[in-house]
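Order-wise, the sequence lines are chains A and B. Mind the numbering: the first sequence is residues 1 to 230 in this note's numbering, read in order. Mind the numbering: the second sequence is residues 1001 to 1243 in this note's numbering, read in order.
Any given hint might turn out to be false.
As the list claims (entries may be wrong) - Once the Cα atoms are required to be at most 27 angstroms apart in a straight line, the calculated DSSO-like pairs of lysine-lysine come out as:
| id | chain 1 | residue 1 | chain 2 | residue 2 |
| --- | --- | --- | --- | --- |
| 1 | A | 128 | B | 1212 |
| 2 | A | 128 | B | 1094 |
| 3 | B | 1133 | B | 1094 |
| 4 | B | 1239 | B | 1019 |
| 5 | A | 128 | B | 1105 |
| 6 | A | 128 | B | 1019 |
| 7 | A | 128 | B | 1065 |
| 8 | A | 128 | B | 1075 |
| 9 | A | 128 | B | 1133 |
Simulated from the structure, these hints should not be mistaken for lab results.
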Amino acid sequence: MFATFDFDVIRRSLGYLFLEGMTFTLTLTALSAVGGIIFGTLIALMRLSGYKLLGRIAGLYVDFMRSLPLVLVIFWFYFLVPYVGQWVTGASRPVSVGAFTSALVTFIMFEAAYFSEIMRAGIQSISKGQPAAANALGLTYAQTMRYVVLPQAFRNMLPVLLTQTIVLFQDTSLVYVLSMPDFLGAASKVAQRDGRLVEMYLFAAVVYFTISCVASFGVRRLQARISIVR
Amino acid sequence: MIEIRHVDKWYGPSFQALKDCTTAVAKGEVVVVCGPSGSGKSTLIKCVNALEPFQSGEIILDGIKVNDPRTDLPKLRARVGMVFQHFELFPHLKIIENLCLAQEKVLGRSHDEAVAKAEKLLDRVGLQEHARKYPAELSGGQQQRVAIARALAMDPIAMLFDEPTSALDPEMISEVLDVMVDLAREGMTMMVVTHEMGFASKVAHRVIFMDKGEIVEDALREDFFGSPRSDRAQKFLSKILSH
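With the hints as constraints, model all of the structure from the sequences given.
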């Protein structure tokens, strides 16, 4: 059945697929993960703070983001942000932010909702005695979080955070709705140009599968190592 | 040094953890607080450095009102050392880093200064060779001695001990008590929640007995061990001293 397939198209486009497509995908994944974890940690701290209003706002934000399909958020965000920018800056025309920035901000905001739940569980896994001891030494709330609670929460949750990052890696393929040159977008472009849809999409699937599988395996090994140390 | 006046504390609307507690600890005095579990003794000591809030009354620490909203609590707490039942060393930091963290971040000491101080105190509690280890590599008794050193590194004006030996295996209790006895003999102001009556009879100036959130007995050591006046204190003492 493979007789009519032309797998040489993959070889011919490898440079474009990986140097441009995969680089884009990995850059977007890494920046979104870092931004998402930072923003997510802030949301988690808001939820766990004693202030009811802050906690309520953060909770609503998380529920809102988790109730929307990611592809819709990407789509809407891309079209809305220029108008929001116009409104905020008072410019006469919609502010152009560029597809990459728009996608990055979307992923950070969307993934932050998931990362925040992970960080919240991580912070709650630290016994109350730890912040009490830090406070008793005179550390302020911010110092207690920064030097005592968050490093431990982060370490405890590292495997889960990385697993979520693997999901994020797959999710970045959704930027194809903005016709961006990520790995899937690049593969799709070649597929349509050369009329080799099956081959290219098959190849893309194999690449995503392999990378995610290897990464998951790495996370499991890390998890085993962490659990021995503790 | 520490003045506790008419302190009331409720958990929720119905459970009163502290009832009209009034006592004081003078400079250089060692006061032992004992009583059955759930009597509020740990709660009381945690109110002293505002780790637990309370609803009415006042606590004055070295002339500063603890429950005044304008009080800079981190600053106040930095001047009072506290030792916890479960040590609460920071598990992700080495022993030396446990001792340096607050010295550098709170007192603003340089790293070298903090390390020098930390090494001196580790030497004092006999643990200098463990400075580069993590807390989990130490025994319970060793961890508690580190916790005492960590508190002392802040040059506290008083030390609070919240059941420092109750989580320890019996053979490790004395190594911690030895450190505490030395401290007491050097004239450190100490408030100690403990069941160790040997420690109390050796170094305490006063013994407070609490039951059901109330201070039932507040007496000089000789009077307390000689003739506790209340039935409840009598019963408690006979229970823990009979073995």
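Each hint tested on the structure:
1. 128(A) x 1212(B): 24 angstroms, holds
2. 128(A) x 1094(B): 20 angstroms, holds
3. 1133(B) x 1094(B): 5 angstroms, holds
4. 1239(B) x 1019(B): With a Cα-Cα distance of about 24 angstroms, the restraint between residue 1239(B) and residue 1019(B) holds, given a limit of 27 angstroms.
5. 128(A) x 1105(B): With a Cα-Cα distance of about 21 angstroms, the restraint between residue 128(A) and residue 1105(B) holds, given a limit of 27 angstroms.
6. 128(A) x 1019(B): Holds, at roughly 25 angstroms.
7. 128(A) x 1065(B): 25 angstroms, holds
8. 128(A) x 1075(B): Judged against 27 angstroms, a Cα distance of about 21 angstroms means the pair holds.
9. 128(A) x 1133(B): Between residue 128(A) and residue 1133(B) the Cα gap is close to 24 angstroms, so the pair holds against 27 angstroms.
Hint compliance for this structure: every hint is met.
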